[in-house]
Amino acid sequence: NAGVTQTPKFQVLKTGQSMTLQCAQDMNHNSMYWYRQDPGMGLRLIYYSASEGTTDKGEVPNGYNVSRLNKREFSLRLESAAPSQTSVYFCASSGLGGNSYNEQFFGPGTRLTVL
Amino acid sequence: QKEVEQNSGPLSVPEGAIASLNCTYSDRGSQSFFWYRQYSGKSPELIMSIYSNGDKEDGRFTAQLNKASQYVSLLIRDSQPSDSATYLCAVSGGYNKLIFGAGTRLAVHP
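Taken in sequence, the protein lines are chains B and G.
Here the working numbering is used: position 50 in the first sequence is 46, and no number is missing along the way.
Heads up, the working numbering is the position in the second sequence plus 64, with the first residue counted as 1.
The hints are simulated quantities; they were obtained by calculation from the structure and are not laboratory data.
Just so you know, not all the hints are guaranteed correct.
Restraint ranges, calculated between C-beta atoms of paired labels, are given here [as the list claims (entries may be wrong)]: (1) B:Gly59 <-> G:Asn117: 37 to 47 Å; (2) G:Gly93 <-> B:Gly59: 25 to 35 Å; (3) G:Lys66 <-> B:Gly59: 20 to 30 Å.
Derived SDA-like pairs: lysine to any residue, alpha-carbon spacing no greater than 20 Å straight-line [stated by the list, open to error]: (4) G:Lys106 <-> B:Asp34; (5) G:Lys131 <-> G:Arg92; (6) B:Lys67 <-> G:Tyr159; (7) G:Lys66 <-> B:Leu65; (8) B:Lys53 <-> B:Leu74; (9) B:Lys67 <-> B:Asp34; (10) B:Lys5 <-> G:Tyr159; (11) G:Lys106 <-> B:Thr82; (12) B:Lys10 <-> B:Ala20; (13) G:Lys106 <-> G:Lys131; (14) G:Lys106 <-> B:Pro104.
If you're wondering where the values come from, they're calculated on a predicted model, not measured in any experiment.
We put the CB at the ideal spot given by N, CA and C, even for glycine.
Given only the sequences and the hints, what does the whole structure look like? Please build it.
The structure is reproduced here in structure tokens:
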């Protein structure tokens, strides 16, 4: 099992460009998440999908959109990138049931720089 | 605003010592508590989960939970240089979500 995979690993954009970050999981998890991590700020939730067909805003959703394409895949789109969106982006998934329902497992991350 | 607080560190301990990492949280309704380890440039890795008051041991790691005091801790016995990383505390924040602390950086020196 690959777990949670993300593409690309690195990306440099110019202000105003758009891009989509891809995430896939093969653990049959129901819930998927997008976080950003900035120095000293910890992990902040951008959007999440509790189950296939649903998406909800997290703590910092402005400037982003998401799509839960199917149970495996959850993408994050930046429509018009801004320098403030320079960050490391992590995708995570969870939802095996029982006490482990909230255990989240993370992908390797995407390092995004917006010039 | 639900919050999770951690001392940013660095916490410096000698090899072989016990490292003690602490976390407090604001939401009394939280039911699930987690510790993640994150090496520099890597993604967070789940190392411990705890759901009830008391201690939970897994190898060199012990998680301690006190819901009345809203306090979670992680003890690392016989600390090794390979334990040097940032440790993130996470607390359930309602409906499948987790609230993360900013992390404590641990440095284990030979």
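Going through the hints against the structure:
no.: 1; hint: B:Gly59 <-> G:Asn117: 37 to 47 Å; verdict: holds (41 Å)
no.: 2; hint: G:Gly93 <-> B:Gly59: 25 to 35 Å; verdict: holds (31 Å)
no.: 3; hint: G:Lys66 <-> B:Gly59: 20 to 30 Å; verdict: holds (23 Å)
no.: 4; hint: G:Lys106 <-> B:Asp34; verdict: holds (13 Å)
no.: 5; hint: G:Lys131 <-> G:Arg92; verdict: holds (7 Å)
no.: 6; hint: B:Lys67 <-> G:Tyr159; verdict: holds (18 Å)
no.: 7; hint: G:Lys66 <-> B:Leu65; verdict: violated (30 Å)
no.: 8; hint: B:Lys53 <-> B:Leu74; verdict: holds (15 Å)
no.: 9; hint: B:Lys67 <-> B:Asp34; verdict: violated (28 Å)
no.: 10; hint: B:Lys5 <-> G:Tyr159; verdict: violated (29 Å)
no.: 11; hint: G:Lys106 <-> B:Thr82; verdict: holds (17 Å)
no.: 12; hint: B:Lys10 <-> B:Ala20; verdict: violated (26 Å)
no.: 13; hint: G:Lys106 <-> G:Lys131; verdict: violated (31 Å)
no.: 14; hint: G:Lys106 <-> B:Pro104; verdict: holds (7 Å)
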